[in-house]
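Protein chains: 2
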Amino acid sequence: MARPTPETHAELLAAAARRFAVTGYKGTSLQDIAREVGCSKAAVLYHFANKEALLRELMAPAIAVLEALDARLAGHTGAAAQRVAAEGFVDLAVRFRREIALLRGEFPDLLQQPAFAHVQQVSERLIDAFAGHSDRPAARIAALVVLAGIAETCGEFLDIPDEELRPALLAVALRALEPTT
Amino acid sequence: MARPTPETHAELLAAAARRFAVTGYKGTSLQDIAREVGCSKAAVLYHFANKEALLRELMAPAIAVLEALDARLAGHTGAAAQRVAAEGFVDLAVRFRREIALLRGEFPDLLQQPAFAHVQQVSERLIDAFAGHSDRPAARIAALVVLAGIAETCGEFLDIPDEELRPALLAVALRALEPTT
DNA sequence: TCAGGTACTGACCGATCGGTCAGGCATGCT
DNA sequence: AGCATGCCTGACCGATCGGTCAGTACCTGA
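Residue numbers (full-length UniProt numbering), protein chains in the order written: chain A, 1 to 181; chain B, 1 to 181.
Source of the hints: derived by calculation from the structure; they are not laboratory data.
Some hints here could point you the wrong way.
Heads up, the list lumps identical chains together, so a pair's fine if it works in one copy or across two of them.
What the hints assert, rightly or not - Dumping the calculated EDC-like pairs for lysine to aspartate or glutamate here, alpha-carbon to alpha-carbon at most 20 Å: (1) 41 <-> 11; (2) 51 <-> 36; (3) 26 <-> 52; (4) 26 <-> 36; (5) 26 <-> 109; (6) 26 <-> 57.
Whenever a hint applies, use it, and build me the whole structure from the sequences.
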C-alpha cells in the first residue's frame, strides 16, 4: 500500500471535512479518515500533530473570515449593526457551509477547547449585533434563532449555488430580526 | 456504596438528561451517568437494556407529542398548516427544551437508528408544513432555518419561564415564515 | 556512493467504551 | 427455616479510541 503522494496533506484535509460532515468530529476516528484516503492512521498523525490540530487547520479559513466580520462589526450600532451582521454572517455561512456543517452541534463542546476560545467571544458579539445590541429577551431569542438556524441550515443545501442560497438566507434573517412593535 | 433506593430508575433518567444536555449523547458514558447518581455502571445496565434504550425512554414523551402534532397537521394546508406547525412546534420545543437540547446536532446521526426512523419522517412533514407545502427553495430554506433555529435556541434559555419563551419564539417563527412578495 | 531528509508503515500502548456475568445482600412470602 | 425475588456490585470482556515509536523505502544533493 506504499504510494508516495505528497498531496496527501490536502487529501487528508478534504477527507476529514467529508467525514466530519457526515459523522461529526467526535464520531469520526482517525482510522476513518485514513481509510478514506487509503493510508495508515499513523500517516494522518505524521501530517497533523493530533486530531484537534487537524480540525484547527480545517477551520482556519472560516475563522479568519469570522474575525474579519467581527472587526467590521465594531463600527456599527442598532439596526446598522444588525444589517452588517446578517449580511456578513450569511455570506460566511454560505461560503463555508461545509466547514460549519461539520461542527453539527458540537460547537458548545469544541468551543471550550482553548484553541477555539476566541471564537466563543466573537460569536457572542455576533449575537449581540443580531439583537441590535438590545437586552430585551425577545431580541436575544430572535438573534439566537437566526444565528443557529442559518448555521444549521446552510450545511443542508450543499447542492444549490451560492447565488441562490445567499439571498434566501439573508431574506429570512432580516424578516426574523424585524423589531417587534 | 450499597444504597437500596428503588427510585434509582427515575434518578438515572434525570441524571442522563442532565449529562446528555452538557456533553451530548455520544460524549456521555454510562460511567458518567452512574457516577452522577452514585451507583455502578452495571446498575445503569440493570435498569436499561443498553445506552440506546435509555435515550429512547428519555425521549418517549417528547416523541409522543411530536406525533400528535403530526396527526393534527394532516388536516391543514398552506398558511393554515404553517400556523398550526409553528404553534405546535414552538409549544413542543418549549415544553421539552431540555430533551431537545440534549440531542445537540446529533439528530442526523441518531435519527438513522431504527428506533427513531419514524421521527425522521415526521420532521420532514413538519418542514413541509413550515414551508406551506411549497416547493420553492426559498420557502424550504426558511422552513429549515426556523425549525433548526428554534430547536437549537430553546435549550439555551432553560432559566426563563415557558410563558415568556413561547410567545417570543412564536413571533420570530411567524415573522421568518412570512411569504416573500 | 552515500548521508540525510521526506513520507510513510505496522506493531504497539494505555485508556475508555458499551456490555456481560456470577454472585451478594436485603426483603418478604410460604 | 427456607427460598425466591429485586436490586445492585466488582471483575471482566472484546473493541476501539487517540497517540507513540522504530524501522524502511525512496528521492535528492554533495
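Cross-check of the supplied hints:
Taking CA atoms no more than 20 Å apart as the test, residue 41 paired with residue 11 passes inside one copy only; the shortest distance there is 14 Å, against 41 Å between copies. Taking CA atoms no more than 20 Å apart as the test, residue 51 paired with residue 36 passes inside one copy only; the shortest distance there is 16 Å, against 29 Å between copies. Taking identical chains as interchangeable, the C-alpha atoms of residue 26 and residue 52 lie at most 20 Å apart whether they share a chain (10 Å) or sit on different chains (18 Å). In this homomeric assembly, residue 26 and residue 36 come within 20 Å of each other (Cα to Cα) only inside a single copy, at 17 Å, whereas the closest approach across copies is 22 Å.
For a Cα distance limit of 20 Å, the shortest separation of residue 26 from residue 109 qualifies both inside one copy, at 10 Å, and across copies, at 12 Å. When the C-alpha separation of residue 26 and residue 57 is checked against a cutoff of 20 Å, the pair qualifies only within one copy, where the shortest distance is 16 Å, while the shortest distance between copies is 24 Å.
Violation of the numbered hints given earlier is absent; every hint is satisfied by the structure.
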